[in-house]
Amino acid sequence: MHEFSIMQSTLETAALKMSAAGATQIHRLKVRIGRLSGVVPEALRFAFEALKDKTPAAGASLEIEEVPAVCWCAGCAAEFETAKYEYACPRCHELSGDLRRGKEMELSSLEIS
Amino acid sequence: MCQECGCSKPGPYQIDGKPVATHTHTLADGTVVTHMHDDDHGHTHDHGRHGHEHGHAHPHQILNLNTGILSGNDRQAEQNRGAFKALNLLVLNVVSSPGAGKTALLTKTLNELKGRLRCAVIVGDLATDNDAARLRTTGAPVVQIATGTLCHLEAGMVAEAMKQLDLRALDLLIIENVGNLVCPASFDLGEAMRVVLHSVTEGEDKPLKYPPMFHSADVVGVTKTDMSEAAGFDRELALKNIRQASPHAKIFELSARSGAGVTAWCNYLVARQACGTA
Numbered sequence: 001m002h003e004f005s006i007m008q009s010t011l012e013t014a015a016l017k018m019s020a021a022g023a024t025q026i027h028r029l030k031v032r033i034g035r036l037s038g039v040v041p042e043a044l045r046f047a048f049e050a051l052k053d054k055t056p057a058a059g060a061s062l063e064i065e066e067v068p069a070v071c072w073c074a075g076c077a078a079e080f081e082t083a084k085y086e087y088a089c090p091r092c093h094e095l096s097g098d099l100r101r102g103k104e105m106e107l108s109s110l111e112i113s
Numbered sequence: 114m115c116q117e118c119g120c121s122k123p124g125p126y127q128i129d130g131k132p133v134a135t136h137t138h139t140l141a142d143g144t145v146v147t148h149m150h151d152d153d154h155g156h157t158h159d160h161g162r163h164g165h166e167h168g169h170a171h172p173h174q175i176l177n178l179n180t181g182i183l184s185g186n187d188r189q190a191e192q193n194r195g196a197f198k199a200l201n202l203l204v205l206n207v208v209s210s211p212g213a214g215k216t217a218l219l220t221k222t223l224n225e226l227k228g229r230l231r232c233a234v235i236v237g238d239l240a241t242d243n244d245a246a247r248l249r250t251t252g253a254p255v256v257q258i259a260t261g262t263l264c265h266l267e268a269g270m271v272a273e274a275m276k277q278l279d280l281r282a283l284d285l286l287i288i289e290n291v292g293n294l295v296c297p298a299s300f301d302l303g304e305a306m307r308v309v310l311h312s313v314t315e316g317e318d319k320p321l322k323y324p325p326m327f328h329s330a331d332v333v334g335v336t337k338t339d340m341s342e343a344a345g346f347d348r349e350l351a352l353k354n355i356r357q358a359s360p361h362a363k364i365f366e367l368s369a370r371s372g373a374g375v376t377a378w379c380n381y382l383v384a385r386q387a388c389g390t391a
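Residue numbers (the working numbering), protein chains in the order written: chain A, 1 to 113; chain B, 114 to 391.
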């Protein structure tokens with residue numbers, strides 16, 4: 001599963017940002033994961049627990065914010081949240097492939113000292 | 114990503130049998146480490162320059178980053194895309210589950226496009242160059258990337274493999290990704306067109322089971338249509354599911370064996386290349 005290598009990348013970025021800020025420990029990582037990013041939050045959490053020990057995030061907690069998949073319906077000029085990966089607008093039932101949110105894979109913040 | 118040392122660089126992969134990926138990382142304490150991944154030296158560096166334990170004298174601080182976790186890959190993908198556009202080279206990233214018929218369709222496509230587009234292929238697999246050997250029978254230049262343990266191709270591997278090809282002498286570059294409907298969805302390679310293949314022997318609900326991959330498709334190819342009847346394939350249901358998972362994708366129904374649909378698919382590629390790769 002690629003969550004393992006994605007978490008490695010996250011921890012590496014976090015360690016670099018921590019050092020740049022003159023800190024030595026990470027206490028909390030917050031990440032944002034879109035429902036269409038291809039990343040499974042449970043798998044990411046498992047990878048975090050398995051990988052954090054030898055990093056400055058050894059004692060840290062992980063917070064995952066899941067971002068729903070939101071599409072734009074041109075006909076209604078409005079956004080709609082997709083339910084179970086169905087891309088039909090709930091108002092006019094037209095399909096939309098114009099995804100506005102839901103592919104995020106971001107390290108949003110770190111709590112360090 | 115390197116599975117051994119935890120950095121975000123590609124790990125020990127090979128291009129046409131030769132190990133690639135000498136790389137440098139900066140450790141958390143600022144130490145710069147350069148190493149090759151084709152040796153067996155192991156990865157023990159001690160943390161002598163900084164301790165891992167200290168009191169809580171300083172207050173906690175919140176760093177707001179909002180940085181992309183795969184931003185390294187995304188940056189490289191944009192560089193690749195820029196290089197491809199400058200050369201008016203149409204680039205496809207072809208993905209499917211293992212055994213959906215990527216190599217068979219591409220072999221057929223390459224033969225069909227002879228004299229119309231100058232083509233080359235970069236093909237990724239965990240191991241062997243069997244697919245490269247099959248594709249080379251068409252006469253097109255083929256570069257094999259053996260990813261080792263990695264379940265997908267990354268933009269940096271493509272950039273490395275591109276060096277083996279004379280890109281100026283090409284119109285179409287096809288990247289055949291590792292057979293996997295999950296991981297490659299997250300890794301942009303710089304392609305103009307993502308092609309997701311779905312064979313009739315896989316049933317009708319693959320698009321609903323793997324929504325991120327199908328949603329990322331520009332083209333969905335339904336392959337092995339010559340076997341539809343034997344597989345009891347419900348065509349209408351499958352097309353409905355594809356449209357539901359990927360309303361924007363163009364759909365081709367194809368058989369590499371009988372050749373059905375292949376001409377329309379090749380004409381589409383020729384037209385896309387002619388009108389620029391934007």
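Hints were generated in silico from the structure; no laboratory data involved.
Be aware that a few hints might be false.
What the hints assert, rightly or not - PhoX-like mimics (lysine-lysine), calculated; alpha carbons at most 25 Å apart, straight line:
id, chain 1, residue 1, chain 2, residue 2
1, B, K363, A, K103
2, B, K322, A, K103
3, B, K131, B, K276
Note that the structure is a prediction, hence the values are computed from the model and not measured.
Against the structure, the hints:
Note on K363(B) and K103(A): the hinted pairing holds, with a Cα-Cα distance of about 21 Å set against a maximum of 25 Å. For a cut-off of 25 Å, the pair hint linking K322(B) to K103(A) stands: about 17 Å separates their Cα positions. Distance restraint check for K131(B) and K276(B): the Cα-Cα separation of roughly 13 Å lies within the 25 Å cut-off, and the hinted pair is therefore satisfied.
When each numbered hint is compared with the structure, no violation occurs for any of them.
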